[in-house]
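Here are the chains, one letter per residue:
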Amino acid sequence: MSISIQSISKTFGAYTALDNISLEVPNGSLTALLGPSGSGKTTLLRIVAGLDFPDPGPGGIAFHGDDVSEVSARKRGVGFVFQHYALFQHMSVAQNVAFGLRVLPSAQRPKKSEISDRVLELLKLVRLEGLEGRRPHELSGGQRQRVALARALAIRPKVLLLDEPFGALDAQVRKDLRRWLRQFHDEIGLTTLFVTHDQEEALELSDQVVVMRNARIEQVGKPQSVYDQPRSPFVYEFLGNVNKLQEGKNVRYLRPHEIEVLFAAECDPATDVLARVHHLFSAGPIATLTVKLEDGQFLDVELSRKQLDELSLSVGDEVAVRLAERTD
Amino acid sequence: MRHCSAISESAWVRRLLIGVAVTIISVFLLLPLAAVFAEAFRKGWEIFLASLHEEAAFSAIKLTLIAAGISVPLNTLFGVSAAWLITKFRFRGRSLLLALIDLPFAVSPVIAGLVWVLLFGAKGWFGPWLELHDIRIIFALPGIVIATMFVTFPFVARELIPLMETQGSDQEEAAIILGASGWQVFFRVTLPNIKWGLLYGVLLCNARAMGEFGAVSVVSGHIRGETNTLPLHVEVLYNEYQFSAAFACATLLAFLALVTLGIKSAVEHLTGHQSSNHQ
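Sequences listed follow chains A and B, in order. Read in order, the letters of the first sequence are residues 319 to 646 in my numbering. Read in order, the letters of the second sequence are residues 17 to 295 in my numbering.
Bound conformation, chain B alone (with noise of 0.2 Å):
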């Protein structure tokens, strides 16, 4: 812009670093998406179609949404409880719970999937017991489900923490003294105040669940047709030379991605709207 001098460039200055943003953009982020794409569709639409058919794959989807559909709901209600009591009340112990939350950002997925597999695996300390009552948790969807659970753990929560905090206590406290109970004040107060950030933390959860590999990986032992998940049926599809396949498969994921972009961009373009309003 020509009216801002003070920070304005000389025009080959300018296309330089437009041109470096653009290159590296298409090179890591446009690229990559492109060549998914583009090998599963190199042998054709059949070959495509096929590879989604073949039942290997469809158990893997239907797998993946399963672990999905148990987690995300769960962690949901998990992130909203911890971020309204974090944030709505002081307590001892509260500071510790805060850096829980953080724990499954900061270890290693693979760590994630062995802790489930030393707790329950079949040497594991509860191990023998479990396997007294048969019941099966490592290498069976218990598990797949506890290693997706303990990663997308922190998602809602930390989407909401920071936005709670903002937002204060006040309006909950006009509430009750308005004489609503708690389940009022959470569900006519609190909840349409947060649905914005909520809908983003369940959105990001959903998809980190979905493409969780390293600790599912794990605990899932890769019985084909079992227990492999939507990203370790890529794997195997890809180790297999299998190309189209694996990249047939890859495509449903990075659906999955573009998707949630894009909600997620109409929910930032909303909510922009929405506090730009405010004051």
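Looking at chain A on its own, in the form it has when it is part of the complex (with noise of 0.2 Å):
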């Protein structure tokens, strides 16, 4: 189902948590809320929730055309994974997964066979087939996170969301898990809403990001087109590493990788300045280098294991630096 958010906001006293926020979630599509702490990434999401109003206004929330501003969250029916997941300490992973259903009135209550049926099947869905009767705190952070997911997908929600769904892992789980996700999302096709601060972790698994700054949405777009074509300086600095090259009055944006580096001796002076090497890293597939330009401005380089040794630089070398054109 898709989600369409209309001109909501969000005030806090003083403080403006949403400000006129629209948004189109497609259907079926993982669409990533990326920004910064405070931008209203997770705000947002718990009004898509039913856990938090907007302000009183003419917006609202609609699922796949029904408007839901008015339903409670008890009734909306979404799937919601909490950043620390808040599985019920006191219940083991198989009443934590059923309890969903065993809250349904008792005209609407699968039979408990069917309950516990339902169970397996999901634990069997999150790979986690035979820890049914553990309690939380017997579980690694990557379990817990995926008992989380059964749970919420128990009552067959009608969208998925979740709050900084990684945030909580180390880094190794967070790689498999995300690629996990990914994989498991094309499964089912929930149509899923997910809040991260993490730009790769945004970039790597959405179909759209959508980037969140101040109370407001800077863009929204495809991984790719955000990525390649960044609507303000605070998205081209907030997607990667990028550097700042004032030229008079003006600030350049180049990202790392689209520098190109030369022998001193094939400089084109239309195209290329002169810079020393300040600095070299190279461990790893990608060497860092970054170079001192004649004013006084340094530039970080991303060039790949090869280039730098065809090149073989040592830090004070005289180099040429390409700044390519940028595509937009």
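Possibly wrong hints are sitting among the right ones.
Listing some non-contacts, in silico: residues in chain A with all C-beta distances to chain B over 10 Å [claimed, not checked]:
no.	residue
1	369
2	434
3	545
Pairs of lysine to aspartate or glutamate, EDC-like flavour, derived with a Cα cap of 20 Å [unchecked claim]:
no.	chain 1	residue 1	chain 2	residue 2
4	A	493	A	505
5	A	393	B	186
6	B	104	A	370
7	A	610	A	636
8	A	476	A	505
9	A	429	A	450
Listed below are several chain B residues computed to face chain A (Cβ distance under 8 Å; list not exhaustive) [unchecked claim]:
no.	residue
10	123
11	179
12	181
13	182
14	186
15	191
16	193
17	195
18	196
19	200
20	208
21	209
Since the hints were derived computationally from the structure, they do not count as laboratory data. Even glycine gets a Cβ: it sits at the ideal position worked out from N, Cα and C.
Since each chain sits alone in its own frame, please combine them into the complex, following the hints.
Here is the structure:
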């Protein structure tokens, strides 16, 4: 189901958390709400879930065209995975997953055997078979997160919302789980909206990135287009490393991998400038070079190890730097 | 310990510190407790049992149990609702409510008793109206219950608020999103998470409710066999130089204190295990 958000604002006293936000989340997509802390992304997610309510106004939220603005969180039918999972500590994994089915009014509640079948099916889906008797504190971070996911899916939600899904995990688990979540999303095809402050995560995982800043949406688009055609300096800086080059009164933004390094002898005054190698870091396949321009500005450059070897550079060498033309 | 040299002291300093601690604990805590039991049994078992079987003692025990039996459940109900309200919601007047909960701790119990006499006593604000309708509050059971409730008001809420504050409302929110009603959230998620803290609060509340002297003393009127609670009865016996009887009744209160402490440490032992498992 698609989610459409129409001019939503939210203020907490004098503080504006969301300022007239409108957003379309296409059916079946995996959309990332990306922004620094305090940009309003979590507030937006909570409003979609019905945990917070927007300021009174003409706007609203619709799932697949049905206005749900007045529907309580209890009846809204969303799946929500909390940043710290919010698993019920006193219940087993199976009881956690079954919770949403057990609290149904008796007329709608499935039979006990159906509930336990569904629980097993969900645990299989999130690859946690055999752990149904464990307590949350006996699980690893990644396992807890998948229990939270299974619990959210048990009620067959219309949309899935995840708050910083990988925020509480360590680096390796994060990477694995990220890949797994993408695959998982492709299998079940549920419209998913997740919050993150990690640009790499947002770009790698999502179909659509929503960059937020100071209670507003800065840019919406496919990861590639947001990365390649940032609409503002903020988006440019937020989505990956960037060099800010002062050219007269203007600031030019250059990604480290967009800069080419040549032998000083090959310098073409039309496109290149001379610089000196200030710092060199070359562990891994990508080498990072910091060069100092003649006017004293520093630039970070990324090049492959192969290129670096061909140039056989060391600190203090003079090089030519080609500042590639921007593609937009 | 030899290996933590930074905080180790020479042997005689350690012995001195331990000696001082043991002496203080013995003199101030164990000796009085032992004295209560020793005095109670000084004239033997028969006198001990007889003093408890006496009609006034029996009525004091009954009254104490009734007063605690009414005020503890009501204060539990109140304490849980107040803690729930204060920790799960942000509203106007929240800090005022928080301060009001502490009021009974801040006010001297005698004042706490006098306030009710001023309100409901024969010459109090509502005195004439109550007399007209033949309702007795002061020098009767209702007054004793009200005074006990006032004094023991904060125990449960004070125990639960910090606990619920640290737990946050994530689990409750998760339950709501999964379709649970307010009651389901409370009974299936909130209550299981606070049960040990709640039990602890109820125990302390009960211990105080049964042991309260000051406030109850003001409103009770000391009518023997009628409005004397156990602590008041002990005082009456003592003033009448019936030391063995006074101490026999006191052993009941001391015994209650010991049981409370025992359950409390058992609860702490259990929850200590639980919380160390959590992370």
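Hint check, residue 179/B versus chain A [nearest Cβ-Cβ separation less than 8 Å]
violated (13 Å)
Should the label of residue 369/A as a non-interface residue stand, given a Cβ cut-off of 10 Å to chain B?
violated (6 Å)
Distal placement of residue 545/A relative to chain B, Cβ over 10 Å
The claim stands: residue 545/A keeps its Cβ more than 10 Å from every Cβ of chain B (closest is about 33 Å).
Verify this label for me: residue 434/A is non-interface relative to chain B, using a Cβ-Cβ cutoff of 10 Å.
holds (17 Å)
Is residue 493/A within 20 Å of residue 505/A, Cα to Cα?
holds (19 Å)
Straight-line alpha-carbon gap residue 429/A to residue 450/A, limit 20 Å
holds (19 Å)
Would the hint on residue 209/B be counted as holding, given a Cβ-Cβ threshold of 8 Å to chain A?
Cβ of residue 209/B sits 7 Å from chain A, so the hint holds.
Hint check, residue 193/B versus chain A [nearest Cβ-Cβ separation less than 8 Å]
holds (5 Å)
Would you check whether residue 123/B satisfies its interface hint, that is, whether its CB is within less than 8 Å of any CB in chain A?
Not OK, violated: residue 123/B not within 8 Å of chain A, min 34 Å.
Double-check residue 186/B for me: the hint is only fine if its C-beta lies closer than 8 Å to a C-beta in chain A.
Because about 4 Å separates residue 186/B from the closest Cβ in chain A, which is inside the 8 Å limit, the hint holds.
Interface hint for residue 195/B, Cβ within 8 Å of any Cβ on chain A
holds (5 Å)
Status of the residue 191/B interface restraint (C-beta, 8 Å, chain A):
holds (7 Å)
Hints 1, 10, 11, 12 and 13 from the earlier list are contradicted by this structure; the remaining hints agree with it.
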